[in-house]
Amino acid sequence: MATTLNKKRKHDLSGPRNPWLIHLVLMILSAAFLFPLLWMVSTALKPIEQTMKQPPVWIPNPVEWHNYKDAFMYGADKLGYIPFLVYGRNTLIICTLAVAGTVCSNSIVAYSFARMRWKYRDLVFALTLATMMVPFPVIMVPIYGLYKNLGWIGTFRPLWVASWFGGAFNIFLLRQFFRTIPFELSEAAKIDGCSEWQIFRQVILPLAKPALSVVALFTFMETWNDFLGPLIYLMDQKTFTLSLGLQFYQSQHGGTQWHFLMAASTIVVAPVLVLFFFTQKTFIQGIAVTGLKG
Amino acid sequence: MKKNSNQEARTAMLFASPWFIGFSVFLLYPLLASIYYSFCDYSVLRPPIFLGADNYVNLWRDEVFWIALKNTLVYAVFALPLSALCALVLALLLNTKVKGMTFYRTIFFIPSLVPMVSLAVLWLWIFNGEYGVLNVFLKGIGIASPPNWLSDTLWSKPALILMSMWGVGNAMVIYLAGLQDVPQQLYEAADLDGAGGWMKIRHVTLPMISPVILFNVIMGIIGTLQIFTVPYVMFPGGAPARSTYFYTMYLFDNAFIYHKMGYACAMGWIMFLIILGLTLIALKFSERHVHYGGS
Chain A
1 MATTLNKKRK HDLSGPRNPW LIHLVLMILS AAFLFPLLWM VSTALKPIEQ
51 TMKQPPVWIP NPVEWHNYKD AFMYGADKLG YIPFLVYGRN TLIICTLAVA
101 GTVCSNSIVA YSFARMRWKY RDLVFALTLA TMMVPFPVIM VPIYGLYKNL
151 GWIGTFRPLW VASWFGGAFN IFLLRQFFRT IPFELSEAAK IDGCSEWQIF
201 RQVILPLAKP ALSVVALFTF METWNDFLGP LIYLMDQKTF TLSLGLQFYQ
251 SQHGGTQWHF LMAASTIVVA PVLVLFFFTQ KTFIQGIAVT GLKG
Chain B
1001 MKKNSNQEAR TAMLFASPWF IGFSVFLLYP LLASIYYSFC DYSVLRPPIF
1051 LGADNYVNLW RDEVFWIALK NTLVYAVFAL PLSALCALVL ALLLNTKVKG
1101 MTFYRTIFFI PSLVPMVSLA VLWLWIFNGE YGVLNVFLKG IGIASPPNWL
1151 SDTLWSKPAL ILMSMWGVGN AMVIYLAGLQ DVPQQLYEAA DLDGAGGWMK
1201 IRHVTLPMIS PVILFNVIMG IIGTLQIFTV PYVMFPGGAP ARSTYFYTMY
1251 LFDNAFIYHK MGYACAMGWI MFLIILGLTL IALKFSERHV HYGGS
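As given, the protein sequences belong to chains A and B, one line each in that order. Residues in the first sequence are numbered consecutively from 1, following my numbering. Residues in the second sequence are numbered consecutively from 1001, following my numbering.
Isolated chain A (complex conformation) (with noise of 0.2 Å):
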């Protein structure tokens, strides 16, 4: 899975035409698609005045670097408001036990799916896919009443403890990596006594860490940006994530300082963007094999 794209790369086209038309070309669509989320840091950086300057301050004179830190503990002073540095403790742990969750009980569906010989086995891995086709929307409902009836509402629960239960997209995406595994591998390890645990365990799980961390990654990202869920299921605002306490910091301040706006909203981005320059091989791959598989 991760060398792939890069083989085929070589023996390609002998090159463009006019490739410095190509590279203009390329080149203005590059700056249009950065210019947004540079003037979010840049608006994040101006003192307050700048913001509202015609002709635009392309670049903040002076540098308000203190706009970040404000922004993250705007309302710690005040009695009765959360400081972003809450939302983000609360997104952290939301991400991680959804992720854990994802990335344990998948592995171990898919494994059965694509291991292990069973009944109705690929019927019922039928059923499974067809289950992506079922928007969120039909069955929120009865969901909501679920966890209300648990008394869950206004906890985390409802936003991580599905994710312990496997979801089609992710036990689809390692059954076909499972797959690919060498067969003589389970059975040379079946003859040494293994069991079915050990062999999952010990031989597949470690061979299967591209796909696993493409699960991981694609869960954290998911649930970092998710709003309708915790829309839904959180109620006090000491329990928000990023993504709910920056709309609830926007339906409250918005309109007026755009600088902080902007700093809140560049720190709800910034996490999603490093973890993507650590891990965009793995990322993109992730995602051209979803692509190319589905």
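No wet-lab data here; the hints were simulated from the structure. Fair warning: this is a prediction, and the values are worked out from it, not measured in the lab. Incorrect hints may appear among the rest.
Unchecked claim - FRET-style restraints, in silico, Cβ to Cβ:
#, chain 1, residue 1, chain 2, residue 2, range
1, B, Gly1277, A, Gly193, 37 to 43 Å
2, B, Ala1239, A, Pro19, 35 to 41 Å
3, B, Pro1047, A, Thr96, 33 to 39 Å
Unchecked claim - Subject to a maximum C-alpha distance of 30 Å in a straight line, what follows is the list of computed DSBU-like cross-link-like pairs (lysine-lysine):
#, chain 1, residue 1, chain 2, residue 2
4, A, Lys238, A, Lys148
5, A, Lys209, A, Lys190
6, A, Lys281, B, Lys1099
7, A, Lys119, A, Lys209
8, B, Lys1139, A, Lys53
9, A, Lys190, A, Lys119
10, A, Lys148, B, Lys1260
11, B, Lys1070, B, Lys1260
12, B, Lys1097, A, Lys53
13, B, Lys1157, B, Lys1260
14, A, Lys238, A, Lys69
15, B, Lys1139, A, Lys238
16, B, Lys1157, B, Lys1139
17, B, Lys1157, A, Lys281
18, A, Lys53, A, Lys69
19, A, Lys281, A, Lys209
20, B, Lys1284, B, Lys1070
21, B, Lys1260, B, Lys1200
Stated by the list, open to error - Sample of chain B residues at the chain A side, in silico, Cβ under 8 Å:
#, residue
22, Ala1016
23, Pro1030
24, Phe1039
25, Ser1043
26, Pro1047
27, Met1116
28, Ala1177
29, Ala1239
30, Ala1241
31, Met1271
32, Ile1275
33, Leu1278
34, Ile1281
35, Leu1283
36, Glu1287
In this text, a Cβ means the ideal position worked out from N, Cα and C, and glycines have one as well.
With chain A's structure known, arrange chain B on it following the hints.
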């Protein structure tokens, strides 16, 4: 031998059991309950009361339902093809093997990583009527009175469509991977036949990546029709004049603001049927136009 395979089956069931529980509790039960609730008056606080088809009949007569449905379809009709085209063009440009392909790919991909709420907040600022940088730019290139993106019913949807183009990175990466899988010999053969650039795209590239296009179109249909977070944050209540009040926003309001949970379930099922219908149309259409290669 028999005993062995029984044993294996039992272990396999044990391994798969998290999903059996997850499937029953978080999918099958909610689906069945949702069908039932859609025929009920239900507010979560009190037990459901069976009504028959009342919710569906009322939806048919509900003006806001039609507005929300129309908004969603209008948005999808523009956003889907435009972002698909945008993703495909970017992928084709990157696939020309210019130097620095990975660099450009990263830049085009990054915006699709931006969390929805940040995205909404950022674009609120860019579209801002007084200080928005987009209108400064438009005035700069000679447009004397650029639109009021956020407060004009005519321009609120185009604003969202423009934003959707910014987030095409994901689809672009998938297209690019598809393009890199097209066998090189096909282009060489086309060269021998004297095919030009456009002819090659039309007769080699597009047919070869048509399964990838189909995948992206179907994922696009499912995602676009559920659009919620961005308009919810940017346009509270679907302002201006409900021009950005989308299907899922009305469904959410019915469920959690008006506590008409049965009504919301009925809306959910109608949405499901629309998505299924459109997906089937896409698959039907694909029978004639999608080419599945030997691989």
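Results for each hint:
1. Gly1277(B) <-> Gly193(A): 37 to 43 Å: 54 Å, violated
2. Ala1239(B) <-> Pro19(A): 35 to 41 Å: Since the Cβ atoms of alanine 1239(B) and proline 19(A) sit about 47 Å apart, the hinted range of 35 to 41 Å is violated.
3. Pro1047(B) <-> Thr96(A): 33 to 39 Å: 37 Å, holds
4. Lys238(A) <-> Lys148(A): Cα-Cα ~19 Å, so holds.
5. Lys209(A) <-> Lys190(A): 22 Å, holds
6. Lys281(A) <-> Lys1099(B): 18 Å, holds
7. Lys119(A) <-> Lys209(A): Holds - the C-alpha atoms of lysine 209(A) and lysine 119(A) are around 29 Å apart, at most 30 Å.
8. Lys1139(B) <-> Lys53(A): Holds, at about 15 Å.
9. Lys190(A) <-> Lys119(A): The given pair, whose Cα atoms are some 21 Å apart, holds under the 30 Å limit.
10. Lys148(A) <-> Lys1260(B): 16 Å, holds
11. Lys1070(B) <-> Lys1260(B): Satisfied, since the Cα-Cα distance of roughly 21 Å is no more than 30 Å.
12. Lys1097(B) <-> Lys53(A): 42 Å, violated
13. Lys1157(B) <-> Lys1260(B): The hint holds at about 27 Å.
14. Lys238(A) <-> Lys69(A): This hinted pair holds, its Cα atoms lying about 19 Å apart.
15. Lys1139(B) <-> Lys238(A): The given pair, whose Cα atoms are some 44 Å apart, is violated under the 30 Å limit.
16. Lys1157(B) <-> Lys1139(B): The given pair, whose Cα atoms are some 21 Å apart, holds under the 30 Å limit.
17. Lys1157(B) <-> Lys281(A): Violated, because 35 Å separates the two Cα atoms, which is more than 30 Å.
18. Lys53(A) <-> Lys69(A): The given pair, whose Cα atoms are some 23 Å apart, holds under the 30 Å limit.
19. Lys281(A) <-> Lys209(A): 14 Å, holds
20. Lys1284(B) <-> Lys1070(B): Judged against 30 Å, a Cα distance of about 24 Å means the pair holds.
21. Lys1260(B) <-> Lys1200(B): 55 Å, violated
22. Ala1016: 4 Å, holds
23. Pro1030: Since chain A brings a Cβ to about 4 Å from proline 1030(B), closer than 8 Å, the hint holds.
24. Phe1039: Violated, about 13 Å.
25. Ser1043: With Cβ-Cβ at 10 Å, over 8 Å, it is violated.
26. Pro1047: 11 Å, violated
27. Met1116: Interface hint status for methionine 1116(B): holds (6 Å vs cutoff 8 Å).
28. Ala1177: The hint holds - alanine 1177(B) has a Cβ within 8 Å of chain A, the shortest such distance being about 3 Å.
29. Ala1239: For alanine 1239(B), the interface hint is violated, since the closest Cβ of chain A sits about 13 Å away, which is over 8 Å.
30. Ala1241: Where the cut-off is 8 Å and the nearest Cβ of chain A is about 19 Å from alanine 1241(B), the hint is violated.
31. Met1271: 6 Å, holds
32. Ile1275: 6 Å, holds
33. Leu1278: With a minimum Cβ separation of about 11 Å from chain A (threshold 8 Å), the hint on leucine 1278(B) is violated.
34. Ile1281: 14 Å, violated
35. Leu1283: Cβ of leucine 1283(B) sits 12 Å from chain A, so the hint is violated.
36. Glu1287: This hint is violated: glutamate 1287(B) lies away from chain A, its Cβ roughly 18 Å from the closest one there, beyond 8 Å.
Hint violations for this structure: numbers 1, 2, 12, 15, 17, 21, 24, 25, 26, 29, 30, 33, 34, 35, 36, all remaining hints satisfied.
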